[in-house]
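S.K.: Put chains B and R on the given structure of chain S with help from the hints.
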Amino acid sequence: MSTDSKEVLLKMRDMRIDGFSDEKWHEIIKGVDLTLHKGEVLGLIGESGAGKSTLGLAAMGFARPGCRLTSGEIWFDGVDLMKESEAAKQKLRGARIAYVAQSAAAAFNPAHTLMEQTIEAGVRHGLSSPDEAREDAKKLFAAMDLPDPNNIGDRFPHQVSGGQLQRAMTAMAMASRPDLIIFDEPTTALDVTTQVNVLAAMRNAVEQFHTAAIYITHDLAVVAQMADRIKVLRYGVEVEEADTQTMLTDPKEEYTKSLWSVRSIEKEAESADDKILEIRNITAAYGKVPVLKNVDIAVSRGKTVSIVGESGSGKSTTARVVTGLLPQLEGDVLFNGDPLPPKLKDRSRDQLQRIQMIYQMADTAMNPRQTVREIIGRPVEFYTGKRGKAVDQRVKELLEMIELDESFMDRLPGELSGGQKQRICIARALAAEPELIICDEVTSALDQIVQEGILKLLMHLQEELGVSYIFITHDIATVRAISDEVVVMYQGEVVEQGGKQEIFSEPHPPYTELLLASVPEMEIGWLEKTLTTLGEKRAAMG
Amino acid sequence: MTVHPVIRTVLQRLALGVMTLFFVSIVIFSGVEMLPGDFTQAVLGQAATEETVAAFRRELGLDQPAYIRYFDWIGGVVTGDFGTSFSGRAASGIDRSRDVVDLIGPRLWNTLFLASMTAIVAVPLALFLGITAALYRNSVYDRVVNATTLATISTPEFFVAYILILFLAALNPIFPSLANVSPDTELSERIYRSALPAMTLALVIIAHMMRMTRAAIINLLASPYIEMARLKGLSSTRVILFHALPNAWAPIVNVIAFNLAYLVVGVVVVEVVFVYPGIGQLMVDAVTTRDIPVVQACALIFAATYIVLNLLADIISIVTNPRLLHPR
Amino acid sequence: MSTSEGYSAKDEVGQVRTRRTWRQRAWIELKKAPFTAWVGMVVIAIYLIVALFAPLIAPYGEAEITPIPYAPWGAEHVFGTDQIGRDILSRLIFGARNTIGIALATTFLAFLIGGGLALVAAISRGWVDQILSRFVDVLMAIPSLIFALMLLSIFGSNITSLIIIIAVLDSTRVFRLTRAVAMNVVVMEYVEAAKLRGEGLGWVMRREILPNIMPPLVAEFGLRFCFVFLTIAALSFLGVGIQPPTADWGSMVRENASLIQFAQFDLKAGITPLLPAAAIAILTIAVNFVVDWFLMKTSGLRDEH
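Protein chains in written order, with the working numbering: chain S, 7 to 548; chain B, 525 to 852; chain R, 1203 to 1507.
Extracted from the complex, chain S is given alone in its bound form (with noise of 0.2 Å):
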């Protein structure tokens, strides 16, 4: 889509952000440009603490409390929204400008209906009589592909489920027609199977009212689907700009090279029939509710076998199993052979030396008030029976193989860096001189370029030390990247297993096929493509 001859509608000069943080004012957006012009859609890209959601709300003039808009001109279809009253900016918000949050489920109001809610800001600035909006409204459901259009409307937030709810937030935003939509992350909440026809309603509605739209999120393949031209964004500030086409073949700057070529590593996977856990038939609830029926893993020594599915999947559930916090109700784990019991407190310190843990949440998984020398310290002495100067030496050791060094004995968790976090992780996992790694969406919460540092560590520790790793994940792209097997699971059953040639090689099984033709991929037009194969594939799964 050429862009050049249209007319400008948002024009930001120069912007500059403060957000207060430790005590002080910094500066989060330091002088950053953006136009956009009438129809178009910017893709605003970057990665967590970038501030692409900071300079979307900007574009609003809006600051969320703890920030402030310090100095330049926003200027929105010939205005500057930094010299505007509060009261001149509330007039276009919701009626030229609207927002969808990354939340749908917080940021519709529990107490009224969806209806009410979507018709509100165009009936309140005066656009339109309550009347006409609920039936434009109904149209435009109906244009959000929501079920049963005319009815859902007078449902509340909490009675449809999440997707529908970041449709009808979409439809909510189109009421009034505006010229400018800001959509903060809006489908990161959402499951890779859901997230397609969400991106899909929210790409025509945009298109079918010619609106001009800023996409903020930090994922490539999505970007590429929804976005004319992408802006990438590093640290508060552009690192470059170029149509979509463009920046997809032919990125200038290094950042967005590495930034691309993440999705580069692939492993070769290879089996081994020396089996070092053995799930067999295990079926597992909590309460009353059945999360797992007759599952059956297998996994080979020295070699990863990853487990992929969505939420409510039971991927997780399985690692409970494993590691004895869930025993299971039917069933047997076999490890080297031998069946483990099935409770926590019967396992021997022998039998949980040789299975260890590492968490998606680094920052949950640490005690924030224990030094990196107590966390990876504890495991040594708690294990290997070392005591003073030898259980620094050896924790020493286990710096170096993460590749930090002594300097970080001393530090909190709040004092590191997200993969750095995630590094000590999987050093205190190390100092167990554990068989088995349980890996449990272990990248999901990290940036790209940290996730690939991470993954690497990972596989080349696994060279080193032979150890076997059960890697839990609903990335696809991790799985290509790190896997000898795969287990692919829905609603607590294993689809489909095998090694990892074999699943991502036709045939499939009608879940494993939706599912793997929902990752969005980094193409322009994969969208449009997939949509049209995608309705046979939910229909074969019935």
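Take the hints with a grain of salt, since some may be wrong.
Heads up, simulated DMTMM-like pairs for lysine to aspartate or glutamate below, C-alpha to C-alpha not over 25 Å straight-line [as the list claims (entries may be wrong)]:
| hint | chain 1 | residue 1 | chain 2 | residue 2 |
| --- | --- | --- | --- | --- |
| 1 | S | K36 | S | E79 |
| 2 | R | K1212 | S | D344 |
| 3 | S | K145 | S | E122 |
| 4 | S | K299 | S | D344 |
| 5 | S | K294 | R | D1331 |
| 6 | R | K1212 | S | D369 |
| 7 | S | K392 | S | E406 |
| 8 | S | K392 | R | E1401 |
| 9 | S | K351 | R | D1331 |
Because the hints were derived from the structure by calculation, they are not lab data.
No experiment lies behind these values; they were computed from the predicted model shown.
M.R.: Just chains B and R, lined up with the frame of chain S:
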């Protein structure tokens, strides 16, 4: 046919309330069990003969197992009979004691009068102060209200009471410092005489309630859906009335119930200061003379009020909860 | 092996808190403390000094009776004497010792009982937690002043039973709070990690949970102290708390209350019963000021992350 979740939850909550009352009555009853063995002697005086002591013990039912006495007692309570007071008994066996109900009746009415008079003034005022302080957070107004209320809640009730007496009764005789009301006192006179105790209670309650209301509203205003409402360009009034208020009932009602319950307790001290003939003062007198049946009756009444208030608050929160009102 | 160019785990930065030692942080906080917090800290310090050195500071003995009852304010007796001729100033000074001492002892006991049981409940969960929590619910359904009055009428008013009764009643509130904050910590993955490692209950409690629930507990200690202090004062004022001849602020108000009626004729005499009441109020306000600042500090830190 399934029961609507709201009704189900309310019924559950009611059942829980009845259970709590039951256990509380057991706790209060077991108080007597813990009395030292010679207390009959202490009540009747050293000169009591063995026969009078034995007769008294029989009257108390001490020759029967505890659970039977409990059911006798609770059965009486349910039918409005709290037993007879210990006072007025003499070593000689002459019994001039009165029924606990007759002692409590008129005083309970006085206490309720004082409490409602306070609540009528204090509740609306405190809500107004709390909500405005939350809306104009960190303004001079907020800071002043905050500091004043912090000082007030840190102060013993009797300090507030004596300061009011000092300024409004002793130095400038506007109100009487002793609130002696009797059943035949006229309403206007009653209000006038109860002015100082009511003011004392109101000051303390307003401070507590205002701070809790402010905190509840600030918490509410931090919700993402409030930010969303602002980003829809709605006016502040609209945001408050349409988006915040429907979700504020539960926290606000809880604040009110908590403070009315607090009022029940505050009444004890204030009644003593102003020699107000209420149930609080009766209880304190009964404690000093160790008149156990009266203490038990008063404790049960206070506890029941407290439980019922909290129960009401819970029920209101339940019936205003959209998730329960509109089930999936 | 090498990761992508220009990337090194060691140099990685994000939203990382600046490294500071414990002392540096405390000092920074103190320097930024608002005026009210400073006033609070100074007042608390003065009270503590007076309480510790009471016999050295007081001009007369705690229960020493001088010949003149109701002596006016003057050089001999700064705040006059009471109904049986005891020096008011001296009793105020000794009162600091008794009232604060008893309240502190009670609060400590309440934390020991309530906090200990709450940790047990939070870690073991299941039926232990259920039974303890339901029991606390029942105890809390009776207003604590009323409950205290009832128990005092049964066990009689002496300092030991006063401390035990108030501590037990107040421990219910400590239990609720400690259980709530401990529950938040117990579900953390680092606690799970410790359990998976095979650590015992004691270690988990001491090393993983306790350090992380300290800030809210410290603030709660201040608030509970105020509450206990006011409850004991109220009970003494009602005549069923600390008994004479022990000097105590609550009972002093009661003993001298009638003087207030003479305010029109002698303002100083009229103010006398307000002095112990003011002593109570000033201390609780001071503690509240400090707690308020502390709460703002700790919750503020939580918002940041």
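S.K.: Hints first: check each against the structure and report whether it holds.
M.R.: Hint-by-hint comparison with the structure:
Proximity of S/K36 to S/E79 is assessed by CA-CA distance (about 13 Å); at most 25 Å being required, the pair is judged to hold. Restraint check for R/K1212 and S/D344: not satisfied, since their Cα atoms lie roughly 41 Å apart, outside the 25 Å limit. Between the alpha carbons of S/K145 and S/E122 the distance comes to roughly 15 Å, so the proposed pair stays at or under 25 Å and holds. With a C-alpha separation of about 22 Å, the suggested pair S/K299 and S/D344 falls inside the 25 Å cut-off, and the hint holds.
Pair hint S/K294 plus R/D1331 holds up; C-alpha atoms about 21 Å apart against a cutoff of 25 Å. Among the hinted pairs, R/K1212 with S/D369 is consistent with the structure: their alpha-carbon atoms are about 18 Å apart, no more than 25 Å. Simply put, S/K392 and S/E406 have alpha-carbon atoms about 19 Å apart, close enough for the 25 Å limit, and the pair holds. The straight-line distance between the Cα atoms of S/K392 and R/E1401 is roughly 16 Å, inside the 25 Å bound, and the hint therefore holds.
The hinted pair formed by S/K351 and R/D1331 meets the criterion: a straight-line CA distance of about 19 Å does not exceed 25 Å.
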